[in-house]
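What follows is the residue order along each chain.
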Amino acid sequence: MIFLKRQLPLVVTFCMGVVFAMQYYVPHPTSEALLKNASNWIIIIGGFALILGLVSLIQLHMHRIQRNVGGWGYSAVLFAAMFAMVIAGILAGGKNLDSERALTGYGWAYSYAMVPLQGTMFSLLAFFVASAAYRAFRARTKEAALLLIAALLVMWGRVPLGEYLWAFSGDIAQWILNVINSSVRRAILIGVSLGVIALSIKIIFGIERMYLGGKKE
Amino acid sequence: MNLSNHSIVTRMLAIDRRFIFMLIALATLIPLLNPINLPIMISPEVRAVYDHMESLPEGSVFLLSMDFDPASKPEVYPQAIALLRHAFKKNLKVIGLTLLVTGTGMAEEAMATVAEELEKINGTDYAFLGWRPGASAVILSMGQDLVGTFPQDHYGIPIDELSVMHNVKTLRDVDYAVSLAAGFPGVDEWYIYGKDKYRFELGGGSTAVMAPGLYPRLRAGQINGLIGGLRGAAEYEKLLDQSGKATAGMDSQSATHFVIIVLVIICNVFYVISRRQKRT
Amino acid sequence: MPTDGIPIDVLIGAWVATGLTLFIYTFLYRDNPLFKLGEHLYVGISVGYSIVITIYAVGVKLLWVPMTEEGQWQLLIPSLLGLMISARFFPRIAWLSRISFAFVVGFGSGTIIPRLISSNVLSQLEDTIRPLATMTASGLTYTINFLDPKSDINNLITLIGVLSVLFYFFFSVEHRGAGQAVARTGIVFLMIAFGAAFGYTVMSRMSLLIGRFDDLIIFSGAEYGRPTFVLLVLTIGVLVYWAYREKQTPQTTAEEKS
Amino acid sequence: MLEVISMCKRAVDLGLTIAIIALLAPLASADTRHLQPPQDFRVIDTPNDGGGSLTLGWSILPVDGSSLRYQVLIAGSVDGPYQEVAAFPHDKHFRKGPKHPWWIRLATPNNHRFDLQSGKQVTFEDGTPYWVKLAIDNGMHSAETKPLSATPRPNLFNRAQSNNLLLLILFTVAVLFSIRRARKAPHRFLRRIGGLDAVEEAIGRATEMGKPILYLTGSASMDNPSTIAATVVLSEVAKKVSTYETGLIVPHRDPIVLAICQEITKEAYTQTGHPDAYTSEMNFYITDDQFSYTAAVQGIMLRERPAAIFLLGYYFAESLLLAETGHEAGAIQIAGTDADHQLPFFVIACDYTLMGEELYAASAYLSREPVMVGTLRAQDLGKAVLLGALILGVALSTAGEIFQTETFMYAVQVFYDFK
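Chains as they are written, first to last, in my numbering: chain A, 233 to 449; chain B, 162 to 441; chain C, 6 to 263; chain D, 76 to 494.
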């Protein structure tokens, strides 16, 4: 039993990791078929992963409603919206448009509630960027000054008005992006990739076990 | 004298931030209502996508992965519309899909709207495959066996019954793929898990936030072009000679950028003044 | 009232979309019940939406149809692994979920390693390793064209950038002497690149705002019954009433005027 | 590579000549010379592939007309019937650039290379021999090679990617070895990051002013490496705070992170001998909604006016709002994240920012946790190798350009990406 609980997951991770790292170098049809089946399985398991998030969400908000915590009404709203959406979705067969390309009820809620809500939520940031620009974006150090100047040049050069006022600004912005930015991003890409590879190696060899849930053993 | 100066600076900096919110709202609203249509210059990275689309012969397979959610709709949706218009005008075989579940509806809508506009028929001219979970696993799986990953399209029709999908068995059969990304999974995953092995030509479109991060891929030829943000979409609309939402938004984009530029400059002027005052 | 031509569902949709947009924008005043309502509605709707899409995309198309119509019963194994994830919520069998995680994480870790070496390490090195000058018919030349990303001068700048930034994130040696100069160069490159990222992020946020305002302008039309104006007045009214009531009762929320 | 380039140049020159001849051709009398079949024709099983493909190679022709086209003919037996499966103009399918590394140079060192794959025209069955002929045709005359036989087979290893595998093995060994060494000696040298001094300064200032410290662990859950790093740094901060008796406020967005941070803080206070100063209210949960959480934290910043604010871990768009309000509250702000989209805002609005890997390095430096230290050292080793490869590669390819030789590519190609 201890083997099943402790060792088996580590064995599975190790085997899957080694096999699929090596699979990359093996062009043989058998190896390709293996990748095909495994990736298909992962897709299916991925569908079930939704349950995880769902249960956590339900637990959190049920807790709020049961305890009558301040704002529990919002949790009730959340549940109501969720169930309404599921029912509408099943009635519509999971499609936004019916056969005549008209919106189903499900598609309607998506287009007129979900899209505006999420879109607006993120557009709020436009206002906050502006207020931070006025209050907090100061050239405290030489580095910060450099950052701000580059930012202003790019903002200037990437809009029609900027290019209209100063035709060269577009080229400067283009050069910053194409040369300076891409060299830095390239170095970061290489560095971060080494980090991810190191993490993956640790996972495969059972050194890093955070993904198994809970504390380190 | 110094003291009064100081108090002016402090008072100016203490302006209610809702005043600045107002400023941004106006800078967005006024140009939208009174557009002056400043000329839009075309950048080489957007032109590269356009030129590649132009070079594709009729009947080539074009795959558009619309990997964005409603939060990025204003930026990336116009890119999807412009690319789809181009593809349908060129009579390419268009395959649409999404890797982000909340983007399914928008992707479906984009395909249906443009298809209707250009009188294209589902199944013969285009196919919408819908969404699958698993992100990078979906790309891997499509590379090996596209039909196995999407045995049916979004509407439940078996893929074998869609004539547009004949001869498209894996990603190797795709002539040009473009991922329109708003985060993970996106262009990076399409390169790492897709083009790296299955060797189709790949183009990228993304929100402006992501665009700078994709430049190393552009430089290394991992993607052949990049449409960045609303501005990129506007450039594509101009290349297509068909204005849309992106072109309409460009004047507001100009105005808001200049508001921010001015705000940053004011902020720093105040900062320099207050620092000098502290020193004296 | 609205003129003909607009179907009733679009009309109601216009009012709902406008109302919800304005609810979210009330956050600009400060956190308030209208915003919270919008936020929770959004979470509820998007979770509901995802549930349905997942049921059809995975449950029906990838499992039910292949199993019942094509007899692909081996798909029961991934389904079982998927279900085992939920064991997490039952302490006594929680360990079952570890096997599923092991399967998924093992696959992910294995597939990513060689692909990252290829796409993010070797390819990127390959593009950086370029001769510093070009040999032409007239001998060795040096191209100084800033606008061509592949010119010799830009290749050199790219090389310096990649080297110095890689070195900056190097923790096993002290940044002293020559090392300090390289690290400083790295910072200069980093800051300019962050500046570009900053500019592009601003660009993104502004585009989103433009998109939302565009909708609000469309919905301010008379054919929709001008929901933008009507609901704007209503929203402000509710907000003022709420703010007034908040003032009456002593501050209890964590939020303060900012 | 340079040879190839110069060869291509020659080919282009040749092409131009051909074009001129072609233009002039109608003026002259019709060309009556007979065509020679392609020289050095070879057919082999395509190496390093999954089967279903044959590779054809032949020498470049002294071409005599731009209308020249190649045709590939195939049959199941030597006598035919032969079926045309591919046709292309004479200027296609040259070998261009180092598409193949030196360690798998093909046995057909010819100028033309064409991979004939299973597709619409032909379906190869692995293990079955096929007969292939190459024909040329200039519209008037045609000629063809003798048929050659080859058998497509799948391969067990793609040797083109040997360098990839080699790097994988070396790096794996480096990681495992470094961790093992760090377990024995966790105090291996790591550079002290400037941000760590700022951490102490911030705590010192808070003590002087008698104001609390606000510590945020970011918006991600425990599976994110930056959250882990943030909790490690929290432990160190808590230790220092406990000895100075400064207040500590740690609001959370994730219940699991909350639980872990409670443990960490309590342990830190116990370790420094101040368990009585610890209260469980230091860590508390607000909500998981992004903007509501942000609004609440902003409220705390303005109400409590902390002397120092730590923004470590993973952040989304809320970074901007938090940093701006913290700045307004007049606190020393120290940020640290690997969320590259949010880094610029932190750099501008905070007093000190741990950028990307610096956050991991800071947590390894402070905690001396063997796995963290070892991984960091291994990554440094990897970076050192790549740095060296870059410098050497550029030097060699420049030398190659100057001396017009391909010899140096033997070393450089090890760091190229091949398929």
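Hints listed in this document are in silico derivations from the structure and should not be mistaken for laboratory results. Some clues are possibly wrong.
[Unchecked claim] Capping the alpha-carbon separation at 20 Å, the derived lysine to aspartate or glutamate pairs in DMTMM-like fashion look like this:
no.: 1; chain 1: D; residue 1: Lys-286; chain 2: D; residue 2: Glu-276
no.: 2; chain 1: B; residue 1: Lys-250; chain 2: B; residue 2: Glu-215
no.: 3; chain 1: D; residue 1: Lys-195; chain 2: B; residue 2: Asp-321
no.: 4; chain 1: B; residue 1: Lys-330; chain 2: C; residue 2: Glu-75
no.: 5; chain 1: D; residue 1: Lys-195; chain 2: B; residue 2: Glu-215
no.: 6; chain 1: B; residue 1: Lys-330; chain 2: D; residue 2: Glu-481
Violated constraints from the hint list, given by number and in increasing order: Failing hints, ascending: 5 and 6.
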